[in-house]
Each structure stands twice: as C-alpha cells, then as structure tokens.
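**Student:** Put chain B on the given structure of chain A with help from the hints.
Heads up: the protein sequence lines correspond to chains A and B, in order. According to the numbering used here, the first sequence is numbered sequentially starting from 1. According to the numbering used here, the second sequence is numbered sequentially starting from 366.
No lab work stands behind these hints: they were computed from the structure. These figures come from a predicted structure and were not determined experimentally. Any given hint might turn out to be false.
[What the hints assert, rightly or not] Residues on chain B that point at chain A, a partial pick, calculated with CB under 10 Å:
id, residue
1, Ala402
2, Tyr413
3, Ile450
4, Pro452
5, Arg454
6, Asp455
7, Gln476
8, Phe541
9, Phe550
10, Trp576
11, Gly579
12, Glu582
13, Ser667
14, Met673
15, Leu710
16, Ala724
Glycine residues also receive a C-beta, built at the ideal position from the N, C-alpha and C atoms.
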Amino acid sequence: MMTRLIAQIVKELLSYLRDPKSRLTLVGPPLMQLLIFSYAATLEVDNIDLAVLDQDNGYWSHEMIEQVEGAGFVRDIHFVQTPEALTAMINNREVLAGLRFPQDFSRDVARGKPAAAQAVIDGRRAYAGQVTLAYLNQIAASVGAEIDPRAASSPVAVRHWFNPNLIYKWFIVPSLSGILAMLIALLVTALSIARERELGTFDQLLVSPTRPIEIIIGKTVPALIIGTILASVMIAAGVFLFRIPFTGSLLWLLAAVMLFILSMVGIGLMLSSVCKTQQQAILGTFSMAVPIVLLSGFVTPVENMSGFLQLVARINPMTYYLIIVRGSFLKELPVTEVLNNAWPMALIALVTLSSSIVIVKRNLQ
Amino acid sequence: MSAAVNTGFSVKRLAALVRKESLQVVRDPSAILIAFALPVLLLFLFAYAVSLDVKGVRLGVVLESDSSQAQSLAAAFEATRYFEILPARDRREVVPKLVASEIRGFVVIPQDFEQRLTSRAGPESLVQVITDGSQPNTANFVAGYAEGVVQNWLASRGAGNIAGFLPVRFDPRFWFNPEIETRRFLIPGAIAIVMTMIGTLLTALVVAREWERGTMEAVMSTPAGILEILLGKLLPYFILGVIATLGCALISITLFDVPLRGSWAALLLLSCTFLVPALGQGLLISTLARNQFVASQIALLSGFLPAMLLSGFIFEIDSMPLIIRVITHIVPARYFVSSLQTVFLAGDVWSVFLPNMLAMLAIGGVFLGITARKSRKSLDT
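So that you can see chain A by itself, here it is in the shape it has in the complex (with noise of 0.2 Å):
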C-alpha cells in the first residue's frame, strides 16, 4: 500500500512539473505578487499634490504653506487665485486636497483667535484624504505651538508596540505570505480531481484497487509540499530581503503553515469533488478566495464586521494564521497563543479532509 501511495504523489507531483508552463506559474506569480504587492500596497499615504488658495497673503498663511510644502508626504503645491480654479482641480483628480486661508486667517492669529484654514478634500479618495487631513493637523498644531507654547503639548502620549514606527511592509508581507500560499494550495487541489474528471481518468482511478483514503493522500501531499514551499520562500523573503524583525519561533510558525495549508487543500477538495469541469473549479476558487482573504482580518479588524460576517471569520482558517503569522514575526508569540490559534485550522482540516474522503467513498457506490 505504501508504494502506490508513494507512486500516487510522485504521479500527482509530476502533472505539474512536467509541463514547463505549469512549473513556471507555479513559482514565478506568487514570488512577482510578493515582490510588487509588497511594495504596491500600502495605506502609508505619500507624495501627494495639494492645491493651495492664499486669500490671505499674510505672515502665519505664509508660515502654514510653508510647512506643508516641507513636510514629507507633499510633492507639488499648485498655487490657484480663484476659489473656481481650486473646485476645478479637485474635480479633476489633479490634487487630492485643496487648502484655503480666508482673507483675515493672519489677522485672527494676531488678535489671539482661533484661525481656521479650510481643507476640502476629495471625497472619492476618502481614505487617503483622512491620513493628509491627519498630517495636515500636525502641522496646525506645530505652527500652534509656535504661536502659544500652551498648545504645545498633546495630553496623550502614544506607543506602537512591535511596531514603532508602524511600517506597512512589516505589515503586508507576513500577511501575503498566507495568501499567496492559500491561492496556490486552493488551485492546486481544486484543479486536481476535476482535471481527472474532465479527462476520464477519475474513473480509473476509482476502479483501481486505490482506496479513497489513499486518493486522498495522494492529492493532499503534492499540494502541501508545493504549498509550504512557497510559504517557506516568502517567509525567508519578508526575513532576509524585506528584513522584517523575525521575534517568535520558526520550527513552530512551519508547523502552523502546514496545518494552514492542510485546512485549505481540504477546502479545495471539497470544491472539486462537486466541480465536473476545471473551469468550474477554478471559478469555484476565485469565488471562495476572495472571501477567505477579506473575512480574515487582513484589511480590517474582524471585530469590526458585522455579526454573521464575524461568524464566518471565526470558521476561516486564515483568521488564525494571519494572527500567528503576525505574531510570530513581530510579537514574540508565545506557544501557547501558537497552539490556540493551531487548533481551530487543525478542527476545520480535520472535517474537510474527511468529508471529502466520505464524498470520494460515494462515488465509488
């Protein structure tokens, strides 16, 4: 029994190897995607263009310009002389904010009044109009401090723990490596039984003296390998090239892709088990991906979705690797967080492999 598991895998293996195309998609996307994701995404908001109307023309106006034109995250002030001209470039896309200092700012700030500029932002850009609005109010409040040093002091102190500085790569690329690892390992089981299907060899299969947990296996195996592998790689990746502070344990980060990677492939053979062409299952792993990857916790915090929404988290295996994961890269994870959060994949890879064992089982009937 042992050799024709063995002779299973190394036929699994070998329908993607073979093939140059095959073997080139399955390594050379998922590294691309982590190279140019890693660095394309990002809510870091920067090197943006700010349009600027000065009605006041005065010294505080000038101060206040001044400092947005030297902070960091501007790279062209489009100075305009009409509030139309201002309206027009917004519409435009062409700057994301536009600034407005009235007649008597300058006045204001002499006289010991609150002055207040105006900042219309692009409301299709909402969330990077938020992050400038928030540099845009240091730099009140820098200018503030200057004009009265009572207004100096903030009354909170904030710490980033694990991540002081709050660089999204540290971020992202912990994060990509379970995804890109999930897409792989989904397509590559889901694909597997269905291309048998399409070609007729399903059925050979299935009237050899293999059993169904042996055909299982044999596709489970292949997919794992390929699976850790690259989660491997883009782990070394985000440790060696992007030089993330690597805190926690390796060996026990390793076991928990595995089971990550176990539980998807049990999703995906389920998927193919009721997929009759490879077209349907591919489509049938777009439609499960997307879902997998925005109810994990990747963009936005589960407690932040709605109740049935969170529900379907707490069944994601990515919830849980995406926080060890995390965790293991820049929290010092302990094993007993490793272990709670192992368990869930472990539950959810136990109840897909089986049912498709039993799926498999009945269509031997």
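**Tutor:** Coordinates of chain B only, in the frame set by chain A:
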C-alpha cells in the same frame, strides 16, 4: 488555412458563432455563477466586511488611579461607539491580550492622574496609549480616536482652554462624500473587480479550454476568418459584462445607498470601454497559455490582483514607489476605477472620463492586436 477561402467578412457567419458561444455560456452554470452570483457576493462583502471605518474596536483601559476624575475619563472611553472597552487595573492583565491580538491597544490612566491634571504645565502627557503596531492601519485609528476621546473629555470639563486650544487649525470638508463613508468609494472599485473577473478571467478560461481540447483548431479550420472568430468569442462576454455592471450599479444604488450623481449613459459608455481591454487581455492570456491552469494563474496575476491592488481602489497610487506607479499605467482597471468613482460620486466630469477612455481603448487595441497576430501564426506553423 488558405487565404483565398476566408477573405471577406460575413455577418451571417459571425451571428452563427455568437449564437454558438452564447449557448455555451448559458449552458455552463459556472459562467452564470461568476456573472451574477459572484458580483452580488463581492458587493455584499465590500459593503459589510471591508469597512475602513472604526467602530467597536477592542481597547483595554488600565485604571491605575481610583480618583473620580480618572473614573470619569474611563467612563468617557466606555461611552464612545468607536471602542469596546476591556477594563483592567494592571497593565500586566492586558499585555498578553495585546500579544494574542484579542485587543488592538490599551490606554493607561496613571496613578498620579489627578496631579498631572491639575499641574499641567510642561510637555508631560495625561495618559498613555499603547497600540498594536503589527496592524499599522488599525494602530493609527486607535491612536487618533483615543486622543479624540481625551480631548473631548478635557473640553467638556472646561479645561479645554489649556489643553485643547489650537491657535490655527484646518476645517475639513470632504466633497462628494461628506459623511466619509468608505462604502461609497469602495463599491465603485468593487464593480471594477467584478468586471475584471468576467472580462479577463472568464474569457481566458473559456478560450484556453478550447485550445486544450483542440476545438479551437476545429473552429479555425472552418471558413470563418480570424476576426469573425475573435468577435464571436468576445461579443457574448461583452454583453454578459454589460449586464453584470448594470446589475451591480443597480444593487449599489438601491441596497448600499451609493449615489449615482453622473448619468447612466456615461456609466454604460465607460463600462463598454473598459470591457475592450478586459476582454482583450483575457483573449491574449488564453492564446498564450492554451492551458486552463496556466491561464487562470496568469489571469490572477495580471488581471485580478492588479485590479485589486494597483488600481487605486484601496491603495493610493501616488504613494507607491515610482516603478510601481509606472506599472499602474498599463493596468486598465486604474482608469476604470478613477472614472467609476467620479461617475458615482462626482458626476459627469468628461475631462476625467475622456483621457481614461482613450487609455483603456489604447491598451485594449494593443492586446487585441497581439492576439490576432499570435492566433494567425499558430495555425501557419
């Protein structure tokens, strides 16, 4: 294939091909799934799961002081809808929870809070806020909102003159979206993703399957010309894409409360324009890959993920490194997202639409041109 047979363009032949392809689409439940069920699922997820607004974020409040002032500040944290509070007396209770990602941060109200409050002269702060920096976005929001809670509390007890006083400030006004609802700018982006799935992924798979099974050669060996074959492939998906967009727009407006400030005509025109590069890309991928697994991987890499990440729909393009900003210019979704956000939230701004439409058509032209050349070559050899 001899050139003599298929010179000339026959509408009748094209109609027959369109009919054949349409039947294939209608017969395969997965195409219907992706064109109708998936868009609904995606819109629903973007409306309810991907909210960048903060509400109910779990925050620890460590009350080291027993004074009434400290209690009152803790109550202020309790009262806001931004946070769900986990009270504690000692920071050692909350640190493990922060490590385990059970809370997103905590506030420490120190033992000498009362003293700090009365003798506030120097740069000393009143309270400390610790966030979980492993999620930078959430960390920023926690810090910002926690500061807001303290500022408001100070202002409400009349101490605002000293602590909250700002000699100069910016009054924000968010145009097109004054309530800053993230849903309103995410949903137009979600429509672009749905269209990419239909246009690029579905087309890539369908044509790759024909190559894989050898039926593409069969169609090619008929008198039908390459132009007729390509058009015959594209038209049914074009129509499917347009129907799906209009469906998505209708759902967004009625269920998700996204305004359509521009005209339906502009929306329709923009969608049709976007489908040219999207379908062209799908066709090109399938022609190059000729294998469904490879085609799906390439469609994922070059279609779906760029539409998600490089289109400016979640992540701001201007903030990306130069080389990636350059790459975004060949992502058709970039032009579509920008136009969709405008047509939904701002109105018919043709000075935004026209350059975007030209760019989409140009990209589509390049894709289709390469496809036509590749398909012809493959039969000659």
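**Student:** Hint by hint, note whether the structure agrees.
**Tutor:** Against the structure, the hints:
no.	hint	verdict
1	Ala402	8 Å, holds
2	Tyr413	5 Å, holds
3	Ile450	12 Å, violated
4	Pro452	17 Å, violated
5	Arg454	20 Å, violated
6	Asp455	17 Å, violated
7	Gln476	15 Å, violated
8	Phe541	4 Å, holds
9	Phe550	6 Å, holds
10	Trp576	12 Å, violated
11	Gly579	13 Å, violated
12	Glu582	18 Å, violated
13	Ser667	9 Å, holds
14	Met673	9 Å, holds
15	Leu710	5 Å, holds
16	Ala724	14 Å, violated
Against the hints set out earlier in the document, violations occur for numbers 3, 4, 5, 6, 7, 10, 11, 12, 16.
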